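**Q** Chains as they are written, first to last, in the UniProt record's numbering: chain A, 1 to 578; chain B, 1 to 584.
I should point out that these hints are in silico values taken from the structure, not numbers from a laboratory. Worth double-checking, as some hints may not be accurate.
Stated by the list, open to error - Below, a list of computed lysine-lysine pairs in the PhoX-like style, where the Cα atoms sit at most 25 Å apart:
no., chain 1, residue 1, chain 2, residue 2
1, B, Lys357, A, Lys455
2, B, Lys100, A, Lys234
3, A, Lys288, B, Lys245
4, A, Lys215, B, Lys200
5, A, Lys407, B, Lys229
6, B, Lys200, A, Lys87
7, B, Lys229, A, Lys87
8, A, Lys6, B, Lys229
9, B, Lys100, A, Lys187
10, A, Lys455, B, Lys486
11, B, Lys105, A, Lys187
12, A, Lys288, A, Lys407
13, A, Lys187, B, Lys109
14, B, Lys229, A, Lys401
15, B, Lys116, B, Lys105
16, B, Lys475, A, Lys186
17, A, Lys355, A, Lys550
18, A, Lys87, A, Lys13
19, B, Lys100, B, Lys72
20, A, Lys87, B, Lys245
21, A, Lys215, B, Lys116
22, B, Lys100, B, Lys14
23, A, Lys489, B, Lys227
24, A, Lys215, B, Lys475
25, A, Lys401, B, Lys227
26, B, Lys227, A, Lys215
Unchecked claim - Incomplete in silico selection of chain B near chain A, CB under 7 Å:
no., residue
27, Ile77
28, Phe107
29, Val179
30, Ala221
31, Ala240
32, Ala276
33, Val283
34, Asp512
To be verified - Covered stretches of chain B (chain A as the covering partner; in silico rule of three or more C-beta atoms under 8 Å from a C-beta of chain A):
no., region
35, 69-76
36, 515-522
In this text the structure is predicted, and so the values were computed from the model without any measurement. Just so it is clear, CB atoms sit at the ideal spot from N, CA and C, and this is done for glycine as well.
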Amino acid sequence: MKFLGKYLKDYKKESIFAPLFKMLEAIFELLVPLVMASIIDVGIANRDRDYVIHMCLLLTLFAILGLAFAITAQYFAAKAAIYTASKMRADLFHRIMDMSAASHGSVGTSALTTRITSDINQIQSGINMFLRLFLRSPFIVFGAMIMALIVDVKSTLIFVIVIALLGLVVYGITKSTLPIFSRIQKKMERVFLAVGENLEGARVIRAFGNQDQQKQAFGTQTEDLYADQMRAGKVSALLNPITYVIVNLGVVAVIWFGSTQVDMGILAKGQVVALVNYMSQILVELIKLANLIVVLMRAYASVTRVEQIMEMPYDERTYVTETQKASEADAVSYEQVSFAYPQAGEMAIRDIDFKVPDHGTVGIIGGTGSGKSTVLHLLNHMYDASKGKVLIYGKDVRSYKENELTKIVGLVPQRGVLFHGSIRDNIRFGREDITDDMIATAVHAAQADNVIESKEHGLDEEILQDARNLSGGQRQRLMIARALAGQPKILVLDDSASALDVATDAALRKAIRGLPWHPTTFIVSQRASSVMEADQILVMEDGCIVGKGKHEDLLRDNAIYQEIYYSQFPKDEKEQNS
Amino acid sequence: MSTKNEIKQSQVIKRVLVELKTYRLQIVLSLICAVLTVIFTLLVPVLTGKAVDCMIGSGQIQWDGLYQILEKMALAIVGTCFFQWLMNRINNYITYDITKNMRQKAFEKMLVMPIKNIDSHSHGDYMSRIATDADVFSDGLLMGFTQLFTGVLTILGTIFFMVRVSLPIALVVIALTPVSLLVAKFVASRTYAMFQLQAKHRGEQTAYADEMIENQSVVSAFSYNEKAKEEFDVLNDRLADSSFKATFYSSITNPTTRFVNSLIYSGVGVAGAILAIFGGITVGGLTSFLGYASQYAKPFNEISGVVTELQNAIACAARIFEIIDAPAVEESRENHLSDVEGKIVFEDVAFSYDPSKPLIEHLNLTVEPGQRIAIVGPTGSGKTTLINLLMRFYDTTHGKITIDGVDIRSISRANLREKFGMVLQETWLKEGTIRENLLFANPDATEEEMVQAARTSHAHEFIKRLPNGYDTYIKGDDGSLSQGEKQLLCIARLMLALPPMLILDEATSSIDTRTEMKIQEAFQTMMEGRTTFVVAHRLSTIREADVILYMQDGKVLEQGNHQELLEKNGYYAKLYRSQFVCGK
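If we strip away everything but chain B, and leave its shape as in the complex, we get (with noise of 0.2 Å):
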């Protein structure tokens, strides 16, 4: 997949209709609700005219028929209650409904997108997506749409039962009308800039106080705390102002409606009251225009409203989109590997993350079962990405590599991955007990074997010094494990399920080393017959296996065991030098 290309607004549209197929007959059910609210909702001013017509002056009151209308209304106003609650409702089910099962959606194709997609993305980014997007596009797009759909209804049954009362009035109002769509439009747009350039001025903030707050203590070693504060008084001054434009903006919008409103309302008393002296209307026809005119401008504002909501929902539903429909790795089930030997083989593999910086090119090599394999060489050399095409988070552009013969394109991932065991260099546990990270690659181990894992790996002890052992609530980064004791944790996860091969990168590097000594033995069981691939900075691991691998810029420069590759006196013999002899 390459960069977001910028999907047209009809397609996206498209494409949420096709997502709200599922729910065709709530909607329409809501619709239904929708125009008999409205319905209903405008009978009201009618009939409290009509009653006010009754009362014709003292004593001359015509109760029969101002039961009847009481009754009428009455009936209207329950029915106005009942639908509206009926619609609440749907529209709650699908609102949520909708975000849940896009949230789900995004979340699945999260864990099948390519790994690529993951590196290459910001992290907040898509949690923001998952998370907040689905709630604004679901939101945005049901109160949206429901605001348009009833506020267009409500104008034009207003405009029917206004005319259906005395066509001259409702002239006066529709002539009115251009001055609430004008004043509508014009505080929108405004407030629309407004709030662009408050978030702006508030993202910017944030990140800055956030970045200052988390590093304090580095910001505090270098007496940094003054030109922050300074930075921080800068932005925190700018944002004061266009939030001040902002809010003050957008709050005019309650009383320019007020406004307008009310010069409807005079429009609409004096024309009507003139009216009304020579007869041309009743005195109760005036209050149900009074009734409309006080609440004729709210829908022309919640649909200028409606505008923005829309866009953004749509916008959020795209950003949603792109990952949902995001395509997922392809998995090719032609072949399955069983038991395996581990015989591996890299033929003429070619790789690189973007094309125009080659980096790995022409590696051939021959593992053979059971062998060691050390991959030394200097950061940013090209050892990790070895792994990454080993367990196919990333495909080689050219070449293949086999396992016993067979490609590794050609069986599904699952298959490969289970047949390796991984412990990398940065620890990631899950939020969970410790007993769920270890029994995270294996959930049917028994008690026993976990606490035999934990024991081996030498992590036994510091858990069982945990305030709830092995059910202790960790958290991914409360600091309540230091670094070491999680690479402990993880190696404890990966001996529960051990695999017949084995990954290891720096599994070790945050271990102290008399504490590594002492895991040693279990790594040495660990690797006994396994097929391993070692990225480690430690000799003792290094020296012992069978083959050691110089790497740089992506090329395997030197290969060989410990010996050879001492006595060849190249890259890997000066390295060697630098690193763990004292020579000078």
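Next comes chain A alone, as it looks inside the complex (with noise of 0.2 Å):
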């Protein structure tokens, strides 16, 4: 709660204008059944048409003061709630965004999205009706017994009980129907994720005759969802329904009781109809109250998530400072690294070491899972090597500054992605400094010119959601484009170039050796064809370097070289042909 106080401070003055000004709405409301009580009891007893007149205007007034109070206080209250909501989803955002990605990880992407949308609006509402009930709502069913006890303390009794009554019930049904709705969220989700399942798998289900499967396991889905829905309107069926007879019961009740006191001559006859109007105050101010409840509960759940966020560590790397200049010898040399994940057990890489000269090639290649990757992500410093160091022109990875680094190591990543915007903007991706120039130089290199061309609008096209547009291998092309419009020293892609047919992607790695400032290149790939002209090949094999030197030599020497190499060239092929 510390936690919300910090971003309420900023609305002070909103947060405690708002309930006040409510309250003050809620006393003019409380005083109408009086004037009521003595517009009867005093200006038709007496016949005083002057006094039933002023008293009129005096309700009047109050409608008018009501207003302008609960016009006020609702500002305040929109304002204090948008406002500080708006500031807390831009503070997560801009923590989100400076997240390692071990951090990242550990809390998920889809967590991460779900506090900075639904979380937040949950706050967001949950502040807003907080100011604007959580006085205005007791005082009300508060307000309306006292006034009770003012005009008659024995009829209090039955405003208690009646109270009491609601206040059971509403909780009661609250709270059993509580559980089910969010089930029944939970099971909406999955009937959400069914249908985009089926979406996505049509080809897949049409193909194997799956229809009738899909449709009674989808079915089955939807009966699940409609028996909780059914479980639940059971019960909040029931909720108008009482309350309304409760608070009716009670005003019969009063009328009763009441005309006991007016036979005694205890109360006047106006005094009753104010007791009746004040039973029927209630009723409404605690429906609200009860909802209410339930809103700040998870407004509360969601504080208490999206305050985990902010709060915990964001960024574990660690940073040193070498005074020491860059120096020009090697491009990149890992010594001796080793690197587990976090929370896994097991090292993904174990003793890197090699070195890579400036302007050098170097060619990574291991089957699946044999840490290929794990290595590139290292070199920028995504995350902190366990053991063992990563130096980048003779200096250790980590006392670079995060986008000196970027600007360096050019990467294409394997799970590639282009954002919403033009081709030119994906391909400046927020770097100013990149000309028109570069950016032609760039998509020449990454073979995507005829992807440009194809486009009615060049770079100007619009690239859609999930780019659906472009074709697998069109979007891989514009990522290294876009690496490449930076022009780093360090290239590295990594398995970038799988959904390129073979032709395209030699001339891409052509193109690259050709590029002007000669940057050094990681290539890392499954096809052997990718990598065999490189200066130097690392050959991967669960999580270590098993081979490392050129194609012939390793093609000579390296079992496991040779066995990824004959897999994708055949032998007699390749003695035919050379």
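Reassemble the complex: the two chains are provided individually, in unrelated frames, and hints are given to aid placement.
**A** So this is what it looks like as structure tokens:
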């Protein structure tokens, strides 16, 4: 709650005034039945026309004041709630953007997006409702009771009983339906996902003639959802009727008891009418109060979740200061590097040791899960190495600032993405210093000229959501162009040409070799053809480097490399053509 | 089906009525309950007033009359309670049942609608139509309708009772009615526009946050973080401003309603009291009036909200019916394939996804039973399209494809597809256990058969290492399986249901070549005697094919076996040299 307080502090004035003005409004509402009682008992009883008119003008004044106070209160409440939530949302987003890969991974992408959307929205409506109602509703409920007390002490007992009963019923119904509702929520999500799954898998489902099974599975899900909805409906259908009965039987009791008081001359008729009016006011506010409690409970849970994210360490990486200047000897060197992913028991890579001279090309090859990409994750300090050191131009990667490093290392990720926006924006990707010429060079080298040409608006073509208007190969080429546009000294291609046909892949490698600034290049691939021209090939197996050298040497000496190579270039063919 | 044509609202309403026919009885019952609830509710203030009139003063209580009235009151209260409860139950039933049925219908249509609809439509949109819109529709329709119905009824009933008690005061209330209406309308229209704007801004902001968070690794790799923060802040501030307006304006509704109510209340007070002074009305009558007046504006307020709600419901209905009423693929059962030899002939086939951009034209191809066809060519050359046509995910626009001389359009798609086994580059596994996924195509396979299939496809090793072995629960994208592992599962899945013809579309693209070599043997046995279409980029697969089709821009440019095509020294030879031979 301290966490929330920190944000509300900027809207202290609003947070205090909102409930205060709401309370003022409530006071005027509570006074109305009393005024009406005196109209009946004084005005009508004494046939005093002027008194009646005065009192009614008073009522109108109350109404106007009530309206003014209420609107002021709503204004303050909305302001405090919206802008507090907005600030929190911005802070949360900033924090997420600063998170390291490990921190991000420990929370999970979908959890993070939920925090920033639905959790913040819950908090927003929680604050809003709270500021509006936390004084008003209890004030009216108990105020009505106190007013009743002022009018007639003995009748107050009826009020106490009615309020207690209402509280019990509202609490009971809310409590028993709440878990069903959250279950319904989960089942709804499942239905949603099931539809998505069936759309994704439309071809496979049809190919295997599996429609009936899917239909049945979906039917079971919706039936299940339906059963819970009916269960919740059964209970919540009681809420209105039962509260109605309680309050109105309360009215009956007040009239009955009031009559005996009138009979004894203790109460006047108008006072009984006032009591009846107070009774009706209670119901509306009590239901509001129940809703408020539900909203607050949800909002509280959301605050806790957001707070968790904000308080957790967001970057566990270490940074060191090194005074020495970057040297030109080797572009990259790995010195006995081992690394285990957070929460993983085993090392993903072990004792990785190699050097890449400036302008050199290194190929990394190996099977799925052999640790190729992991090696690259340490190059741009996405994670800290568990053991050993990674040096770039002779300096520990941990001594580079993040934005220095991203300038040096141009990464084309394996599971790549393009963002919403034009192709040009995607290639430039926020780097203002990239000129149109640089983009053109990058596009050309990435073999993406024909991608641009095929689009009606060329570089200004908008990329649709999930880059649906681009094929897999087109996407990869644009991602390569994005990395090349910054003219990085070190270019990293993490299996980034897998969707390209091999001819385009070859042309791409040739173009990269021809780039005027001769980037040091890492090529990770499963294809031998992609790496065989490299100055140095690392063969990886089960997290270790099991072979290091040029293609010819490895082909001669390294069993695993041979196996990979000949699985792609059967022996006889090779001999025949070379 | 072309694009969404604007369906007229009246048409949608007609369609909704058809859907509601099944619930005729329940709807009539619900309406009866609504009428009774309203009548009983409105009786209470009248009875309260009469009760007050029984108290004339100290020692002058008409006890007999009072008891009778209180008894009637209790009856009316219990009646209201009962009928309201009954109405709630019936309404719940109608709402949930109609949602369930519409959802199921839409889902079933989704399984039989042309693949084209699925390919060309945002999946997210279909998902929200079937999941969310169905809810909004039934909720909105029913709530809207009940509120409208009871609202109008309450207003009419109130006026009726008021006129009966006292015409002049009733006239005061009626005269003030337009104020109610105007205020409600003013607030509602203002708020609606604000909410629209808020929804738009929220959508933009959410989409942006999703995109950036989901791809944070890329964002970080390019130090785009700061820029992302800046852009987010702009969107966020814009959202805050429109949210504030929407929230504030909508929160004016309640106070203004209360204000109008208060005005009517004091109007009734002054008119009633003055009339009472001249004996035109009893204090009890005035009490009844005050009871009505305090509730008078509520139905107006509700009705004004109902119109938007109903419109929204109709809009949602239109979106769901668009799915439910979409044409299913047409099935012909003229012929039936039972035992298949596997001779496949393409006769002058033409096809394109977009009529303005012709893709495949004049394609002729004869595949003998048991032959292996490799399709090669650059990205976008139509390789996958050929498979779309073979499996009838799409139909040819010209010419025909026959299997053993039978036009594939003359048999049902189910019949056609059961003759083909398929592994695609994009692996799809359903959310469920590994076992469920392997038995997907052949639920009757035994445990032994399943394990055997997993062994031959070399999936058994990694399955064994999973926490719960074959009962490990996998989700679509939770990253617990690598792409290569998923492909192995897809291959094992196919091995359990071996049909006479096979389609392998880059089936091993994500499996490393060493593992691939290991499962090659299994592939060989699988392809033995089966007509097989392979889209591949690996030489080993291509070289052994009986026929290689070199495709480019939708045309088969070359066709022949490896040796023939090399000798021809055309496209294939060029591709071959650039890909597989390290000659520069």
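**Q** Taking the hints in turn, state whether each one holds.
**A** Against the structure, the hints come out as follows:
Taking the CA atoms of Lys357/B and Lys455/A, the gap is near 14 Å; set against the 25 Å cutoff, the hint holds. A hinted pair counts as satisfied when its Cα atoms are at most 25 Å apart, and Lys100/B with Lys234/A qualifies at roughly 17 Å. This hinted pair checks out: Lys288/A and Lys245/B have alpha carbons roughly 23 Å apart, not beyond 25 Å. The hinted pair formed by Lys215/A and Lys200/B fails the criterion: a straight-line CA distance of about 35 Å is larger than 25 Å.
Only pairs whose Cα atoms come within 25 Å are accepted, and Lys407/A paired with Lys229/B is accepted, the gap being roughly 19 Å. Between Lys200/B and Lys87/A, the direct Cα distance comes to roughly 19 Å. Compliance with the 25 Å bound is thereby established for this hinted pair. Simply put, Lys229/B and Lys87/A have alpha-carbon atoms about 13 Å apart, close enough for the 25 Å limit, and the pair holds. Between Lys6/A and Lys229/B the alpha-carbon distance is near 21 Å, which keeps this suggested pair within the 25 Å criterion.
For the proposed pair Lys100/B and Lys187/A, the alpha carbon gap of about 13 Å is at most 25 Å, so the pair holds. With a CA separation close to 34 Å, the supplied pair Lys455/A and Lys486/B exceeds the 25 Å bound. Simply put, Lys105/B and Lys187/A have alpha-carbon atoms about 18 Å apart, close enough for the 25 Å limit, and the pair holds. Between Lys288/A and Lys407/A the alpha-carbon distance is near 56 Å, which puts this suggested pair outside the 25 Å criterion.
Distance restraint check for Lys187/A and Lys109/B: the Cα-Cα separation of roughly 21 Å lies within the 25 Å cut-off, and the hinted pair is therefore satisfied. Taking the CA atoms of Lys229/B and Lys401/A, the gap is near 18 Å; set against the 25 Å cutoff, the hint holds. A threshold of 25 Å between alpha carbons decides the hint, and for Lys116/B with Lys105/B the separation of about 19 Å falls inside it, so the pair holds. Taken as a hint, the Lys475/B and Lys186/A pair is honoured in the structure, with Cα atoms around 16 Å apart against an allowance of 25 Å.
Our distance criterion of 25 Å between C-alpha atoms is met by Lys355/A and Lys550/A, whose separation comes to about 14 Å. Between the alpha carbons of Lys87/A and Lys13/A the distance comes to roughly 17 Å, so the proposed pair stays at or under 25 Å and holds. For the hint linking Lys100/B to Lys72/B, the alpha-carbon distance of about 42 Å lies beyond 25 Å, and the restraint is violated. Taking the CA atoms of Lys87/A and Lys245/B, the gap is near 17 Å; set against the 25 Å cutoff, the hint holds.
With a CA separation close to 20 Å, the supplied pair Lys215/A and Lys116/B stays within the 25 Å bound. With a C-alpha separation of about 20 Å, the suggested pairing of Lys100/B with Lys14/B holds against the 25 Å cut-off. Proposed proximity of Lys489/A and Lys227/B is supported: the alpha carbons are some 23 Å apart, at most 25 Å. Restraint check for Lys215/A and Lys475/B: satisfied, since their Cα atoms lie roughly 19 Å apart, inside the 25 Å limit.
With a C-alpha separation of about 17 Å, the suggested pair Lys401/A and Lys227/B falls inside the 25 Å cut-off, and the hint holds. Simply put, Lys227/B and Lys215/A have alpha-carbon atoms about 46 Å apart, too far for the 25 Å limit, and the pair is violated. Contact between Ile77/B and chain A, as hinted, is supported at the beta carbon level, the nearest pair being about 4 Å apart and thus within 7 Å. With 7 Å as the threshold, the beta carbon of Phe107/B comes within range of chain A, its nearest partner Cβ sitting at about 5 Å, so the hint holds.
The interface hint given for Val179/B is broken, as the beta carbon of that residue sits about 12 Å from the closest beta carbon of chain A, more than 7 Å. Nearest Cβ of chain A to the Cβ of Ala221/B: about 4 Å, under the 7 Å cut. The hint holds. The interface hint given for Ala240/B holds, since its Cβ lies 4 Å from the closest Cβ of chain A, which is under the 7 Å cut-off. Interface hint at Ala276/B: satisfied, since its Cβ lies 5 Å from the closest Cβ of chain A, which is below the 7 Å cut-off.
At its closest, the beta carbon of Val283/B sits 6 Å from a beta carbon of chain A; the interface hint therefore holds under the 7 Å criterion. Against a cut-off of 7 Å between C-beta atoms, the interface hint on Asp512/B holds, since the closest Cβ of chain A lies about 4 Å away. Residues of the region 69-76 of chain B with a Cβ under 8 Å from some Cβ of chain A number 3, which satisfies the need for three, so the listed coverage holds. With 3 residues having a Cβ less than 8 Å from any Cβ of chain A, the region 515-522 of chain B passes the three-residue criterion, so the hint holds.
Checked against the numbered hints given earlier, this structure breaks hints 4, 10, 12, 19, 26 and 29; the rest are met.
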